[in-house]
Amino acid sequence: MNLAVANILQHKIRSLICILAVCLGITLLLILVGMVNGSINEVAKRIQNVGGDMIVQQAGATSFFALKSGVLPMKLLEAIREIPRVQAVSPVLTWTVTFRNQFYVVYGIEPRQFSSIGGELKIIQGRHLQNAGELVIDSRMAAATGISVGETIDLLASKFTVVGIAKEGIGARIFLLLTELQSLLQQQDKVSMFFVKSTSPQYIKEVAEDIEERVKGVKCQLLENFADEMTRSMVGLKEFMAAVTVTTLAISFLVILLAMYTTIMERTREIGILKSMGASNLFVVKSILSESTLLSIGGVITGYLLTFSAKYYLNRIYPLLTVEITFYWVLVGTFLGIAAGILGAFYPALIAARQDPVRALNYE
Amino acid sequence: MNERIITVEGLTKDYKIGNVVVPALRGIDLEVHRGEFASVVGASGCGKSTLLYILGGMLRATRGSVWIDGFDMIGARNASRTRFLGKNLGFVFQRFNLISSLNVFDNLKISCKIAGSARGYEEKINEMLRYVGIEHKARMKPLDLSQGEQQRVAIARALVKEPRILLADEPTGNLDSENSDKILALFRTMNTNLGQTILMITHNRRLADMTDRTFEMKDGKILSNGASPR
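So the sequence lines, in the order shown, correspond to chains C and E.
All letters in the first sequence, in the order written, are residues -10 to 353 by our numbering.
All letters in the second sequence, in the order written, are residues -5 to 224 by our numbering.
Just chain C, with the same shape it has in the complex (with noise of 0.2 Å):
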């Protein structure tokens, strides 16, 4: 059995922690990672399965049209048609509610021009929405909560019905008549956004200078690419992402720093004995790092199957959390735990190498 192997399962318990170490920088890493770029991801996707090219928003705004409501005027509606090149347009008013301590973004819609730029609800249980009072919720919710057609819900101070349930993926996951939201958040002839469709993709770009250019206090957001803008329209975004990157490695290092130097303490006549075999300065090295390297393996395999529990759990309890793990933040995990297992082992080996072979063998 080789040196590496026979040290770690010489001492479990402390190859246990190293592992854990890992394990839990890893876990760590991946689970926040994912959480962060799962809300983003899911949330971009279902705004551009809505199935235009772009949204015209106020200038100025953040891809995060949801936390501002009606901002633009309806008549805008018109302007936009107008425009050459335009085939549909479907304003969109949006809120937010809490319910059963969930946060949801609620999309007033006008049904007949939502389904005319292509993202047509498809209602899997119930019908569409037809009058005021009514609401069709996404099949998400519907799992998450229980609710199902028929059944009366109080959202923002009024009670609806629940007259259908939707495919999830597209748009928000509560819908109702826009001219009721305006209603009731006294937002009469107001809208938060227009979802616009071209007549041809290669006239999109032509179709969104035209708009800026001709609809004063405007700005188009390509859908295309609308995950990127959202990340980088989050301030802080990329630092908590390197903030938790960097606690992943600190974590394993400072724990395999920890525990090679320690063992390195313990082994000091098995150092010795090796050197009086003759063992290079290099083969104790690479002895200290396989192991450190071995330890970090095994910290990154529990890792992903911590990892992949957490996320099976998470889902399970709460049903409308995405945690999104991608093969790039895979990669980086892999490479951050054994980087850190051979980076705070080196240290370590660095001392059992410059022992002094006499001093080590009579060590006590």
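Heads up, simulated BS3-like pairs for lysine-lysine below, C-alpha to C-alpha not over 30 Å straight-line: (1) E:K135 with C:K275; (2) E:K135 with C:K1; (3) E:K107 with E:K81; (4) C:K275 with E:K107; (5) E:K118 with C:K275; (6) C:K64 with C:K34; (7) C:K227 with C:K208; (8) C:K275 with E:K81; (9) C:K156 with C:K179; (10) C:K1 with E:K131; (11) C:K111 with C:K64; (12) E:K131 with C:K275; (13) C:K34 with C:K111; (14) E:K107 with C:K1.
No wet-lab data here; the hints were simulated from the structure.
With chain C held as given, fit chain E onto it using these hints.
Relative to the frame of chain C, chain E by itself:
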């Protein structure tokens, strides 16, 4: 038989403890011939182990020269001395110094690996374990063996890489007289059958008398240079 394999001339070693210089070796001259089973005998603290560690390249001398089979142990660079030690010298210690996390077989395997002779090692290791009579305990951990058996493993580990010289530091110091005699008999067999050169350090005059040649040491000096008691 008269070809010199170890040549030591004017070897001194001073230890510095604070501002005090303590001489451990005071001008040692010594020669051991190829195929010889020699011993250095003396009381504890006379400098025997210091001499052995310098011969083995594990300790730096203050002055003098040490040649092992034509290799300059004092003048050589650290890396080449370490390589030479790994390939050509085998150590056996009083405390056995086996690696407790490895089983008997793997303790020998790591010695082959360090010496760079890992290829085809399996047969060689089994043969060596048979030779020292513990082939049936190859998969056991050192701490599960008796002290006599542990020393046999240590000897097998030192010899499996076929070193030019076996250096033994009080190899029977932790053994009872019966096991001591068995180990000495094993050394003798290896010396006779394999032509193995052995230099043994001991404080036990009776054991020293069982070797081909004995160097008597006192206060860091060789008193009698190679009397042959046999």
